[in-house]
Every structure is written in C-alpha cells, then in structure tokens.
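J.: Heads up: the sequence lines are chains A and B, in that order.
Just so we're aligned, residue 1 is where the first sequence starts under this note's numbering, counting upward by one.
Just so we're aligned, residue 1 is where the second sequence starts under this note's numbering, counting upward by one.
None of these hints come from the bench; they were simulated from the model.
The reader is advised that the hints may include incorrect statements.
Cut-off 20 Å, straight-line C-alpha distance, at most; resulting in silico cross-link-like pairs (DMTMM-like, lysine to aspartate or glutamate) [as the list claims (entries may be wrong)]:
1. K146(B) <-> E167(B)
2. K326(A) <-> E316(B)
3. K356(B) <-> E301(B)
4. K139(A) <-> D245(B)
5. K326(A) <-> E308(A)
6. K140(B) <-> E167(B)
7. K322(B) <-> D320(A)
8. K146(B) <-> E113(B)
9. K208(A) <-> E316(B)
10. K356(B) <-> E156(B)
11. K264(B) <-> E276(B)
12. K144(A) <-> E168(A)
13. K181(B) <-> D256(B)
14. K327(A) <-> E352(A)
15. K357(A) <-> D160(A)
16. K327(A) <-> E316(B)
17. K139(A) <-> E251(B)
18. K146(B) <-> E135(B)
Spelled out, the chains give:
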Amino acid sequence: MKILEVVPTWPTTTFLTRHMIQLSQQLPSIQVGVTTSPENSMLNSFDTSKTMDVVPLYFGTPLRRIQATLLGIMNYSSKPDLSLREKAILNLIEKNNPDIVHFHFNFLFDLHILPFKLGIPFTVSLRGPEIQMGAFTDKIYREKLCKILQRATAIHTVCDALGTKATEYCQTELPVFTVRTSVPIPAKPEKTVANTNSLISVARLYWKKGFHDLIRAMIYLPNVSLNIVGDGEEHHHLSYLIHSLNLQDRVHLLGELPYEEFELLMRRSTAYVQASMEEGFSNSLAEAMALGKPVFVTDVGGTAELIEEGKNGMFIPMGDPIGMAKKIEQHLFDTQLMQQLGLAARETAEREFSDEKHVQGFVEFYNYAYQNK
Amino acid sequence: MNVLEIVPSWPPSMYLLEHIYSLHASAINLVLGNTNSSDHDITTVNSIRPSQFFTPVYDLTKFSWQANFRKLDKMRLSNVDKNLSYIIDKHQPDLIHFHSSHDAIQHHHKAVELSIPYTVSLNSSDIYLEVLEDEAYLPKLYEMLKSTARIHISYEGLASDVEQIPEVSAPITTIRIAYPKSDVIPNSDNMPMHLISAGELTWQNGFHDLVRAMIHLPNMSLDIIGTGFDYRHLVFLIHTYNLQDRVQVLENITFDSCRDLIGKATAYVHSGIVQEVSEYLLLAMSMGKPVFVTNNVGMDELVEDRNNGIYIPIGEVVGMAKQLKTLADVDLMQKIGNAARTSVEKMFVPQTHTEKFIQFYQSACHDMAR
Numbered sequence: 001m002k003i004l005e006v007v008p009t010w011p012t013t014t015f016l017t018r019h020m021i022q023l024s025q026q027l028p029s030i031q032v033g034v035t036t037s038p039e040n041s042m043l044n045s046f047d048t049s050k051t052m053d054v055v056p057l058y059f060g061t062p063l064r065r066i067q068a069t070l071l072g073i074m075n076y077s078s079k080p081d082l083s084l085r086e087k088a089i090l091n092l093i094e095k096n097n098p099d100i101v102h103f104h105f106n107f108l109f110d111l112h113i114l115p116f117k118l119g120i121p122f123t124v125s126l127r128g129p130e131i132q133m134g135a136f137t138d139k140i141y142r143e144k145l146c147k148i149l150q151r152a153t154a155i156h157t158v159c160d161a162l163g164t165k166a167t168e169y170c171q172t173e174l175p176v177f178t179v180r181t182s183v184p185i186p187a188k189p190e191k192t193v194a195n196t197n198s199l200i201s202v203a204r205l206y207w208k209k210g211f212h213d214l215i216r217a218m219i220y221l222p223n224v225s226l227n228i229v230g231d232g233e234e235h236h237h238l239s240y241l242i243h244s245l246n247l248q249d250r251v252h253l254l255g256e257l258p259y260e261e262f263e264l265l266m267r268r269s270t271a272y273v274q275a276s277m278e279e280g281f282s283n284s285l286a287e288a289m290a291l292g293k294p295v296f297v298t299d300v301g302g303t304a305e306l307i308e309e310g311k312n313g314m315f316i317p318m319g320d321p322i323g324m325a326k327k328i329e330q331h332l333f334d335t336q337l338m339q340q341l342g343l344a345a346r347e348t349a350e351r352e353f354s355d356e357k358h359v360q361g362f363v364e365f366y367n368y369a370y371q372n373k
Numbered sequence: 001m002n003v004l005e006i007v008p009s010w011p012p013s014m015y016l017l018e019h020i021y022s023l024h025a026s027a028i029n030l031v032l033g034n035t036n037s038s039d040h041d042i043t044t045v046n047s048i049r050p051s052q053f054f055t056p057v058y059d060l061t062k063f064s065w066q067a068n069f070r071k072l073d074k075m076r077l078s079n080v081d082k083n084l085s086y087i088i089d090k091h092q093p094d095l096i097h098f099h100s101s102h103d104a105i106q107h108h109h110k111a112v113e114l115s116i117p118y119t120v121s122l123n124s125s126d127i128y129l130e131v132l133e134d135e136a137y138l139p140k141l142y143e144m145l146k147s148t149a150r151i152h153i154s155y156e157g158l159a160s161d162v163e164q165i166p167e168v169s170a171p172i173t174t175i176r177i178a179y180p181k182s183d184v185i186p187n188s189d190n191m192p193m194h195l196i197s198a199g200e201l202t203w204q205n206g207f208h209d210l211v212r213a214m215i216h217l218p219n220m221s222l223d224i225i226g227t228g229f230d231y232r233h234l235v236f237l238i239h240t241y242n243l244q245d246r247v248q249v250l251e252n253i254t255f256d257s258c259r260d261l262i263g264k265a266t267a268y269v270h271s272g273i274v275q276e277v278s279e280y281l282l283l284a285m286s287m288g289k290p291v292f293v294t295n296n297v298g299m300d301e302l303v304e305d306r307n308n309g310i311y312i313p314i315g316e317v318v319g320m321a322k323q324l325k326t327l328a329d330v331d332l333m334q335k336i337g338n339a340a341r342t343s344v345e346k347m348f349v350p351q352t353h354t355e356k357f358i359q360f361y362q363s364a365c366h367d368m369a370r
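One chain only, chain B, in its complex shape (with noise of 0.2 Å):
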C-alpha cells in the first residue's frame, strides 16, 4: 500500500516525527508531501530529537519526497495542484493522508479528481480555533470533511464535536500519538520545589496565568522554556511583579537540555487555555515527574486527578496556585510521578500506534474500494 502523507512543515513537530518514524519502518510505502517553504535542514532535526531515533534521520530522508507547494505558489509558477499532480504521477499512491486540515481543504480536490481516497487527522485547534480567525473556513472544513475516507483524531474528547459536523458520514478514528519511553529521573529528597512548563510562547498555552499565579507561591520557582509573540508579555509580567528571582523565561532551548532541565525540575505545570496534550507534559511524566495540568481537550483520557496528575483551573490565578502548593506533599508528589509514568507508557506506545494507523489506513482503502 502506498501512502501519501502531506504534512505542514519541514522538520514536522515531534509527535509527527515519531509518526513518521514509526510508519516508515513499517510495511507501509510512506511518501511525504510538505506544503511548507521551509528548508529541509536535518541539523535541526537532530537537535530537536536526536536519540529518540533507532534509525539515523538521514535514512528517513532520503527515501521521502519532499514539495514545496507553498512555496511554488508564492513564486507563482504554477498551482499547487500541478506539484500534487507530479507527486501522485510519480508515486502512485493507494491513499493521500493530510495531516493539517488547511492543506487537506487546499488540496483534497486533487485527490477526489482522481477516485484515490484521502484522511484527514483533525485536532482541536482545527475545531474550536480556525474558526476564530477565519469565518469562512468552517464551510470549508465540511465540505472537505463530506468526501473524506476516514478521519484521524488523537483523543476521544474531538469525537463528540466531530459527530456533531453536518453532512459527515466518514468514521472517526481514535489513535493516540506514539511515545517513546524515556529514562526515568525521580525527584530527590529535599528538592527545592522548582516548576517547568514547556511549549510555544501564546496566548493559547496560558502562561500568563501561570505566572502570576507565581505571586502566590513565594517558596517556589519557574522556569518556561520556548519562544512565541508571548514572550514580551512573560517578561513584562515577570518584572511587574517582581519575580526575576524565581520565574524565568528560555529561549531556543535545544531538545537535550528541555530534558535535562525537565530532569532537574520537581514537577511539570501544563496551563494552556486552549492546548491539547502536549509532547513536553509526555516527556515530564514519561520521566516520572508529578504533573499539574488544565482540563483541556484530551486530558481527562490521561490524568485523572490526584492520580497521575493534578488538575489546576484554567484561567484563574488564584485557584491555580492554590493547587500547585500540593507540591509540598512530597509522598503524594512521588505517587503521581510513579503513575504519571505508567500512564505513558500504557497509553503511547509507538508500536500500538503504527499497528492502528495501518488498519486506519487499511480500512480507509479498503472503504473506497467497495
């Protein structure tokens, strides 16, 4: 079976990579298609995961194609469809998954033109997000969804909201992301009680809440690691309240030292407002720190309270530091980081992963045909 995976970006996020990785050891023949004009630049690649790899990324490059369709279409050398068109020519594919719901509206006309039936992986922000920034995407996204095979979601939450999406007869697929395990670095006694938190720096990873809800916590200290349009804002939040001594914001961390940094924390806080299950909270508990979390899209199917994790509320400042002081239980700290562990590792597994999207795969195809 030959697939075709289009993905927005080249180096893709580290769930995709994964992903990626995991299918091209498969038996399945992937072919990618980037729809980014970004440059394929494998350093980069190596400093975002370099271990997690049993098979150098090289060799993950060299047998995928790549195109660059944004960036055709802003030279104005033709559409985007005519590089689609040479890719599908050339490859042959039995299957076009997409994995952003822009580039699955963009281009599932190609694929409908030629009877090959196409996927979609659809997460959150496609649903509640896009939406906000562009009133006509909707129809857009429906009428993409009316002719899709099947569609891809990672946690069960999406599927209500997806059900609910007029005229959308496709099956919805639930496969969580794969994982890989990681070296378990328990908290040691007496540890000063250090948060991290990890991610872009937006509005929507709500670490302006986060931050001032440090006001409340005089005994402990942040560290936020990423970049984004927020990153003045932490800063400026930071010095207005006086917390330079203990929350600070780093930028252009590489993958190893976010490890080391996550390694060395007491526990990992995931504030976002709007954000989904994110790769660093997987990293943290896979490493077997105690985790405190949103209730967003996706985090019931993993944490369950005062379990694996602790809940904290979106948006409210206070409420939320009330609930990070439990750091000071230092048993029930231990507790969550053993389980937070063993959830992982349950639930992610690279392995189940593949398995589940071949069949998804499988059946997309196997729909089509009769």
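Bound conformation, chain A alone (with noise of 0.2 Å):
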C-alpha cells in the first residue's frame, strides 16, 4: 500500500513530523508530498540542523528515514492551466502512483480533485478549525467542505467531537476514525518541584484560546502566577489586558519557546489551564497530561471525551473569568488533590496519546481506505 500524505511545507508542524516518523516505521512505503512553491521551499536545500529545532531530542529514529522518503516537487513548467500546488502535486501522483493520497490540512482540501479524478481513493484529516468557525459563519465554503468530505475514502479525525460535527453538517454518516495526536510520554516522569501556585497555558495567541478570559481571572486569584506560552494574532490584546489590569508581576506572555524549556516549564508548573472557546483536542493539552499535570479546561469540542471531572481534571466555565477563579481558586491549593488528578491525566495520557496507539489507528484508517476505495 502506497500512500502520499500531502503537507503544506516542509518542515512540518512538529506533530505532524511525529505522525510521519512513527508511521514511517509501520508503512514504510508512506510518502510525503510537500505543496509549497520551490521558491519557498526547504526541500532543495534541506536543513536538517534546522528541522532538529523544530523536532526536538525525543524522536528515536533518525531524520534521514523521513528526509529519505521526500518526494520533492517536481516540474511546474508543463500543465500551464494547473495552479503550482495542482501541477505539484499532480506530478507527485504521476511519478509515485499511490494506492491512497491524505491530505493534512482543510487549506489543501481543493487539491482532492485530481486524486478524485483520476479515480485514487483520498483521505483527509479534520483538526478542528476547518469544521468549527468556517463551516458556520460561511454557508458556501461548507457545502463545499461537506462535498469532499462525502467524497472522502475515510476521515480523519482527532477526536469524536469533530467527526460528529461532520456528521451532522453534512447530514449523512461518515466514514470517520478517530485517532488521536501522539504527544511525548517521558518514560520516568521526573518528580521537579512545581512552583508554588503557578500555571501554565500553551496555545496560539488566537481569541479561540479565550486568553482574554483567562488573564482576566487571574485578577481574581491575587496569590497565583501565570505563564502564557505561545505567540500569535492577539499578543498586543492581552499584553495590554496584562498592563491596564496591573497584573505584569504575576502574567507573562512568554511567546514561542523550544520544546525542552517549554517542558521544563511545564513540570515547574503547578497546574495547566485551557480556557478555549472552542477546540478539537488540544495538543498542548495531550502534553500537559503526559507530564503529569493537574488540568483545569473548558468543555468546548473533544475535550470532555477524555476528562472527566474531579478525575483526571477539573472543568471550568467557557468565557466567565469570575467562573474560572472562582474553580481554579476552590481546588489549586489542595495539594493531594492536584496530586491525584496529575497522576490520573498520565495514566490517561499513557493510554490515550502513546505513539503506538496513534500509528495503530492510522493503520486501520488506511487499510479501511484500501478495502474501500
């Protein structure tokens, strides 16, 4: 079984490279078709001292297996009426002839056309933008989403939430597949002293992530601190909400850090906060509990599929900061509790985000796509 898992640059988000190594390992014949115009494009000159940054130690296998099934991006010159992304990655179904093409992000949905047409069974991941906002605030681009997806193979899908949406967006069942993003899963959890009273949240600055919200509960809660890591759209709104409130002692805006002191940070952390409007399944999330931390989240999208209350984690009400200090202040300072909840997201985490478990399912994702195309 051949299949061409289409990106949109290269290098790749860091769980997207994780999905290609390990899957890389299963199907050896996967291959990876990069869409970006060679202008752009690191493939030519590819940067392997680079793409570490971007995928830290953890990786057991080597880079060059993934470097070694680059396909690149072949001629552009024939086929003038073809966009650069149609000619690439006609060109790459032309040379390698895939049983099966995936496309990674809802932005290279258009692209199914030319598998479709040329009768290649396609597949297509939903992470959660694509099927959230855009499908209801745009009635054209979800009819149009709901057409691929019914022409879809299979579906991939990071949670169940999400596969449900689709389900009910395009009023038809879906041959959708849950498979959740593998995170990092220290083998020995180290026990670092947390900080006293400090959390953590990890996403893009987007105002999806509801950070607004969440800095102005830490008004709220006078004897805890805040870190914010990420970078994004919205750094100057909540640098200023950081500002006017006068909380700058106690709320930092981090932005992007390498994963080793995004991890050290994690584990100094007493506890972990999302305080998302809206969410498929948040990597960050997956990360936070394979460290061990107490979560405090919001129930938007997928989330609650995988926590359950006083459990493994703690809920907190979507956009009411009052609400938010008011959870995170009844339960942060009881020690044992945060203890027991830690140790019940690990052993979630272990079952649920394990590399294992994410290349299993994408097997079975892909045979089911094989028997049915």
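Dock chain one against chain two, each of which comes alone in its own frame, and use the hints as you go.
T.: Encoded structure:
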C-alpha cells in the first residue's frame, strides 16, 4: 500500500513530523508530498539542523528516514492551466502512483479533485478549525466542505466531537476514524518540584483560545501566577490587558519556546489551564497530561471525551472569568487533589496519546481506505 | 502661512476630513501629503461623508497635494525623504504637521535638517498601544518629540501622560476634533429596546464584551456596524450564545445607512477597551440618542454619568448588562439624549477647532522664529 501524505510546508509542524516518523516505521511505503512553491520550500536545500529545532530530541528515529522518503517538488513548467500546487500534486501522483492520497489540512482539500478525477481514493484529516468556525460562518464553504467529505474514502479526526460535527453538517453518515495525536510520554516522569500556585497555558495567541478570559480571571487569583506560552495575533490585546489590569508581576507572555524549555516550565508549574472557546483536542493539553500535570479545562470540542471532572481534571466555565477563578481557587491549593488529578491525567495520556496507539489507528484508517477504494 | 500636513492614509478618517475641510476653508494654505499607498478614490470619500461638506470633495482634492511615500518606498525608487524634499521644495511650507506619530518618527529628520518647525498630533494609541507592538517604538517617539515645536492632543486626559515623557519640553495643546451638527432623531414612544454600536471590529472596541452582555438582556436587540479582524469572533459568540435573533453584525455599511440605523436605535453603546471617543459616538450624541460608554481616555471630558450618558464598566459583562437595563427608563433616556446633543454642539464646534488650530500653527512658527 503506497500512501502519499500531502503537507503544505516542510519542515512541517512538530506533531505531523512525529506522525510521519512513527508511521513510516509501520508503513515503509508512506511518502510525503510537500506543496509549497520551490522558491519557498526548503526541500531543495534540506536543512537537518533547522529541522532538529522543530523536531526535538525525543524522536528515536533518525531524521534521515523522513528525508529519504521526501519526494520533492516536480516540474512546474508543463500543464500551464493548473495552479502551482495542483501541478506539484499531479506530478507526485504521476511519478509515484500512490494507492491513497491523504490531505492533512483543510486549505489543501481543494487538491482532492486531482486524485478524485484520477480514480485514486483520497482521505482527509479534520483537526478543528476547518469544521468549526468556517463551517457556520460561511455557507458556501460549508457546502464545499461537505462535498469533499462525502467524496473522501475515509476521514480522520483528532476527537469524536469533530466527527459528530462533520456528520451533523453533512447530514449523512461519514466514514470517520478518530485517531488521537500522539505526544511524547516521558518514560520516567521526573519529580520536579513545582512552583507554588503557578499556572501554565500553551497555545497560539488567538481569540478562540480564550486567553483574554483567563487573564481577566487572574484579577481574582491574587496569589497565583500564570505563564502563557505561544505567539499570535492576540499578543497586543493580551499585553494591553496585563498592563491595564496591573498583572505584569504575575502574568507573563513568554512567546514561543523550544520544546525543552517548554517541558521544563510545564514540569515546574502547579497546573495547566485551557480557557479555549473552541477546540478539537489540544495537543498542549495532551502534553501536559503526559507530564502528569493536573489540568483545568473548558468543556469544548473533544475535551470532555477524555477529561472526567474531579478524576483526571477539572472543568472551568467557558467565557466566564469569575467562574474560572472561583473553580481554580477552590481546588488549586488542595495539594493532595492536584497530585491525584496529575497521576490520573498521566494514566489517561499513556493510554490515549501513545505512539503505538496513534500508528495502529492510522494503519487501520488507511487499511479501511485501501479496502474500500 | 504655508502648512504641510502629512496624513497617514487617504481617504483619511472622518474627523481628519472634517479637520482638513475646515482648515482648507481658512486662511491657511494647506498642503496634504499622504503616506499611504491607497489610491485616492473620490467615490469612497463621497460614500463616507457626502452631505457634511459644503464644498464638493473634489474641490478639496484639487488643491491638495498627494504623495505615496510608502508605495515609493516599497518600489525602492528612492528613499521617502527624497519625495518629502520634493514636496517641501515645491510648496516651501512654514510648518509641517504630522497627523500620525509613525509618520513623524519616520520623517521629522527632514524638517529638522531644513530648519522647518514641525508639530505632531498624538492620540491614546500612540501612548498606550504602539509600544506593545514594537518595543523600540517608545525611544523613537521620545527622540521625535524632543525637537517638535508643539504637540496636539484631542483630549485633556492625555496631557498628563504626554507630560511624563522625559526631555519633552514642547507645549501641549488640547484642541477637540471638529464635529458638525446633525439632524435630531428623538426616540419615539413605545420604541423597542434596540441598541447600536459601530466601529472597526477589533479587540480595542470591546464588542466581544458587548455581545456577551446581551446574554443577560433578553428583551433587547443589538446591531454592530463595522468590519475587521474580530468579525469571526463576534459571529462565533452570537451563535454559541444563541443570540442570532437579537444580535447581528452588519458589514460594509455606508455612512448614510449607518446614520439611518443609529437614528432608528434606542441608544448607542461604546464598549471600547482602549478606544478614544469615536466619531460614531459623537454622531449618535449629536442626533440626540442616549449613550452608554466605557470610561476610556477623554470620555470623562465628554460624558457625565447619568447626565448626558451612562457609564458601563470596561470588560465586565454582567456589570455592563446591569447598566444597560437602564434603557427601560424612558424619561431618563430622553433627558440623557437631549443633554448628549447639547454637549456635542458645545464641545466640538468646527469653527472653534479651526481657530484653535490656526493659533496652534502660528504659535509653533512664532516659537521657532524666536
């Protein structure tokens, strides 16, 4: 079974690189097609040292393996009526003759038309944004997305909630497979001494992540500090809030951090907070759980599929800073409870976010697509 | 007196258009330099404000000079200073005024080099927000302000913060914006409780707080007029809280339609987190509409709580909703609407604005001559 996975850039995101490395061990014939234009692509001068920054040291497989499977970008000069991306993907298909073509992001979904017209089965991944906001603010987009999902041989989602949403929008049963993203699970979780009453939250600084609510909640938590890891378009808003609410001694915007620093910071924090207004299932939440951190999360998207109130995490009310603060204050200082929640979160992570489970899920997913092509 | 005014974009904001028009009609020979690459589109200007001008817009533009500094910069034709030098050579201004601190930071060196005095307008964004975007901004701002002849601000509230800037000795002058009179559209009896708010859909305007406040106001409806990055955020909130029957975001509304919609609303809401007094707020007040406002920079100079407006807390959804319930008090709203109109008519008189600006320019030239 030859699978062509299409990603928009290379080096790609950390979690996708991890996915490809793990999967390539199980399915050696997996190929990666990158659709960036040659001027922007790093394929021609593939820089391993740069990739090492993106992919931290927890990968057991040498990066050469992925490098060896990269197909590169083909000749653009022929087929003048096609876009650059279409030419790239068409060339990759013609040269490598894959059994399945998989599209990892919704902005690549338009390319499905090529394998579809050529009679090659294609599959797609739904991670959240493509099926959430876009779908209900833009009717044309929603109709187009439903058409693509109905044409797909199989659909991968990172949580059950996205599959339910896709079925609801398309008003038909869809071949949906939930395969959770895998995260690094340290073999021996170190007993790093956590700072007292220190919260951490990690995500792109985007309104959907609800950081403005979390920062406002901090007004009511005078003995607690908060580190926010990530960057994005909301930076000015959040920075303004921190200063105008006089929280600069306790709330810090740290920007993006290398994985090692992020992990250390996470270990030193008392608990992880996710104030999101909309989610699939957050990778950072999974990473926090893998590190044995107690988590305070909003009940959005697929979060409740794995978090059970009071067992392996706590729910905080979405969009309600006072409610958030009350809940955190009520439980954060209960050391015994925090420890219990952290241990249970770690167990959940071991069970749900392992590489083995991820690879097994994807192999089953592709097998289904192959058998039903 | 020849004054070269550098405006950040064309068409400029409504209050700048009003300023330009009022000064253009005065004795000052005003030359405009535009630093934005946008095309000069008279139809757009007309759609923004057609009837407020006594003179057709093309009269204004015919006598103005435009230069696309940034466009030239992008095209790498030369540096921006060359273009500015050309305008200065051609018009021989006695004074250069920068309406944006960004342009002043970038171009004031040319004025210094030619010993031409320059002045600058500062707003709250220059003082409180720009530094959040660029850490190097403040030192550059301070450097530029050291040699400015005079500083213009629109609200007294900014003065104390500007005064704290080290090594700045230039006099600070408060000149309120010019705002023309509008037709009064009073609320009718038994009018449904309908709120309206307008502005760019950005976090600074706090519309996300206002939409959330609507959860607690089941008998009220709300129209938000504007476009911007926060559109999806607001639509998300409206759907998530099931408010789509009562709350809508209206994009691409012309100024005339905006005025009509404000006229049909029971009250105007200004929920800004950091936004100064907006032109839409002034429009609503000048039409005799009661207003609910957050207490941002300059607001306390315009609005006295429960006299000509009602304050709502910044970023506090429940507190905001509690105050908005006052809308049910028809007599109070009537009183506030009338007082609001009187305030705007007294405070934002175009003639006063023109006189004060001419005096501002003359003083700047006079100071430098001495």
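J.: Is the hinted pair K139(A) and D245(B) satisfied, with a Cα-Cα distance of at most 20 Å?
T.: holds (18 Å)
J.: Does the structure keep K146(B) and E167(B) at a Cα separation of 20 Å or less?
T.: holds (6 Å)
J.: Is it true that the CA of K322(B) sits at most 20 Å from the CA of D320(A)?
T.: holds (16 Å)
J.: Going straight from one Cα to the other, do K144(A) and E168(A) come out at no more than 20 Å?
T.: holds (15 Å)
J.: For the pair supplied as a hint, K327(A) and E316(B), confirm whether the alpha-carbon distance does not exceed 20 Å.
T.: holds (19 Å)
J.: Is K356(B) close enough to E301(B), meaning Cα to Cα at most 20 Å?
T.: Within the cut-off at roughly 18 Å; holds.
J.: Straight-line Cα separation of K327(A) and E352(A) no greater than 20 Å?
T.: Distance ~26 Å between K327(A) and E352(A) Cα, so the pair is violated.
J.: Mind checking the alpha carbons of K146(B) and E113(B) for me, to see if they're no more than 20 Å apart?
T.: holds (14 Å)
J.: For K326(A) and E308(A), compute the direct alpha-carbon distance and say whether it is at most 20 Å.
T.: Answer holds: K326(A) to E308(A) is near 19 Å, not above 20 Å.
J.: With a cut-off of 20 Å on the C-alpha distance, tell me whether K140(B) and E167(B) pass.
T.: Holds, because 13 Å separates the two Cα atoms, which is no more than 20 Å.
J.: Checking one constraint from the list: CA of K357(A) to CA of D160(A), max 20 Å. Satisfied?
T.: holds (16 Å)
J.: Would the pair K208(A) and E316(B) pass a check requiring their Cα atoms to be no farther apart than 20 Å?
T.: It holds: about 19 Å lies between the C-alpha atoms, which stays within 20 Å.
Comparing the model with each earlier hint shows violations of hints 11 and 14; every other hint is respected.
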